[in-house]
Structures are given as C-alpha cells and as structure tokens.
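As given, the protein sequences belong to chains A and B, one line each in that order. Per our numbering, the first sequence starts with residue 1, numbered consecutively. Per our numbering, the second sequence starts with residue 112, numbered consecutively.
Among the hints, erroneous ones may be present.
Stated by the list, open to error - In silico DSSO-like links for lysine-lysine, alpha-carbon gap of 27 Å or less:
1. A:K49 <-> A:K69
2. B:K173 <-> B:K194
3. A:K103 <-> B:K182
4. A:K69 <-> A:K58
5. B:K155 <-> B:K122
6. A:K58 <-> A:K103
7. A:K49 <-> A:K103
8. A:K103 <-> B:K194
9. B:K189 <-> B:K173
10. B:K189 <-> B:K126
11. A:K68 <-> B:K155
12. A:K68 <-> A:K49
13. B:K155 <-> B:K126
14. A:K103 <-> B:K122
15. B:K155 <-> B:K189
16. A:K68 <-> A:K58
17. A:K49 <-> B:K182
18. B:K155 <-> B:K182
19. A:K103 <-> B:K155
20. B:K194 <-> A:K68
21. A:K69 <-> A:K103
22. A:K69 <-> B:K155
23. B:K182 <-> B:K126
24. B:K173 <-> B:K126
As the list claims (entries may be wrong) - Coverage of chain B stretches by chain A, computed from C-beta distances (three or more under 8 Å per stretch; other residues unrestricted):
25. 153 to 159
26. 204 to 212
These aren't lab readings, by the way, just hints derived from the structure by calculation. Cβ coordinates follow ideal geometry from the N, Cα and C atoms, glycine included.
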Amino acid sequence: AQSVTQLGSHVSVSEGALVLLRCNYSSSVPPYLFWYVQYPNQGLQLLLKYTTGATLVKGINGFEAEFKKSETSFHLTKPSAHMSDAAEYFCAVSEASTLTFGKGTMLLVSP
Amino acid sequence: EAGVAQSPRYKIIEKRQSVAFWCNPISGHATLYWYQQILGQGPKLLIQFQNNGVVDDSQLPKDRFSAERLKGVDSTLKIQPAKLEDSAVYLCATQAGTGELFFGEGSRLTVL
C-alpha cells in the first residue's frame, strides 16, 4: 500500500527566504507524485507533478520538486518565499488512479 | 472552463441528523472522487466513481455513508445518521485525461 509522510506540520520562513517542505513516500510500484496547495476555505490546487522522465519538476508560482528514488523523497522547494505562499501544502502519491495524501504542512511566511 | 461545483459550502447539523452534499464535475471528466478532510489531516478517499460505476469504496463507512452518481455526471454524498466525528470538509474531485485531479471548494460539515 502506498503512503506519504510529510515532515513538520508547520514550517515558518521569512519573506525572501528559501522554502523547503519535505515529503517521503512508499509505493510498491513506480509512483506518480504530486504537490497540492490549499488556501483557506478553498479546494486543493495542483502545484506540480512527477510521472516519468526528468526528476526535477517545475510547477506554478516558482515552486519545484525533485524526485529522488534512492531516498524515496519528493521535497518541494522555492528559492524565495512570498507572503502569498502562506498556505497548506499536501504531498500525494498515486497508484493506479487512487491518490493518497500526506497530512499536510502549513507554511507560514513572516515579513 | 467551469470548475468542480459543490454545495452547500457550509452545513451545521445535530448528531443523528442526515445531510447530503452535491457535486457537479467538470464536463467530460469520467472519474469522480469524494474525499473527507478532517481538520489537521490530509484528504482521505471515501469513494471513487468511473462514470456511474463504483471503482473503490473500501474506505466508505457504509453503515452511515452512501454515494451515487446517476447518469455518470452529478454525484451526491449522504450521511445518515451523522456522528460528531463526521465533522470535516468533504471534497469532490474529478480527473482529467492527463491524470490531474481538479478539486471543488469543499463542503464544510459541523456536527453538534
């Protein structure tokens, strides 16, 4: 069975600082991996996804993630945080057509 | 294109009452999901439809939850009777041919 572990329920950064949100997964087959963002009182929005090919994936709003099979990781990064990045971020893994989410990481951005 | 529509956005009921949520998917999306998101947790899959057939309902508490997708378009999720632990946001999502899931804004249920 697939599973996702997100390290840290909350991450705090200053505006302009590097953002790093950690995600580790387990899957019995080569995974499809996703990062979603959720703003307050809204649904989830896809940031980026890895299916096959290049292991460094670029997404919207300047985010990117790198698939590292040896580490079973798919960490999300952004070089410079913006106030508007404050939201909850979910890592997810897909087997067949079923998506399993991590518990989420709340990103707090201070001026 | 229009997104996934859900209603109602908010619902407050007392325990043992019933509630129903409605989802209108993006046109042409054959796969539809209902997720339950409890505060502080990630979304948990309740049921997956492919057109009007159920693909996976292994995590649906069938003693109180039911869902249907008549005609393979709109879907409803019903809870009867509700328990306190059912307080959550119920998210509907539909899947494009690319595999990407598109989520509605969710229906927030509070059970008192």
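Evaluation of the provided hints:
1. A:K49 <-> A:K69: Measuring from Cα to Cα gives roughly 15 Å; hence the hint holds.
2. B:K173 <-> B:K194: Given that 27 Å is the threshold and the Cα spacing comes to 13 Å, the pair holds.
3. A:K103 <-> B:K182: violated, 34 Å
4. A:K69 <-> A:K58: holds, 17 Å
5. B:K155 <-> B:K122: Holds: K155 (chain B) and K122 (chain B) sit about 20 Å apart, inside 27 Å.
6. A:K58 <-> A:K103: holds, 22 Å
7. A:K49 <-> A:K103: holds, 18 Å
8. A:K103 <-> B:K194: holds, 22 Å
9. B:K189 <-> B:K173: holds, 10 Å
10. B:K189 <-> B:K126: holds, 14 Å
11. A:K68 <-> B:K155: Within the cut-off at roughly 25 Å; holds.
12. A:K68 <-> A:K49: Roughly 14 Å separates the two Cα atoms, so the pair holds.
13. B:K155 <-> B:K126: holds, 22 Å
14. A:K103 <-> B:K122: holds, 24 Å
15. B:K155 <-> B:K189: holds, 16 Å
16. A:K68 <-> A:K58: Between K68 (chain A) and K58 (chain A) the Cα gap is close to 15 Å, so the pair holds against 27 Å.
17. A:K49 <-> B:K182: violated, 31 Å
18. B:K155 <-> B:K182: holds, 25 Å
19. A:K103 <-> B:K155: holds, 10 Å
20. B:K194 <-> A:K68: The hint is violated at about 42 Å.
21. A:K69 <-> A:K103: holds, 21 Å
22. A:K69 <-> B:K155: holds, 25 Å
23. B:K182 <-> B:K126: violated, 31 Å
24. B:K173 <-> B:K126: holds, 17 Å
25. 153 to 159: Held - the stretch 153 to 159 of chain B has 5 residues with a Cβ nearer than 8 Å to chain A, which meets the minimum of three.
26. 204 to 212: Since 5 is at least three, the answer is holds.
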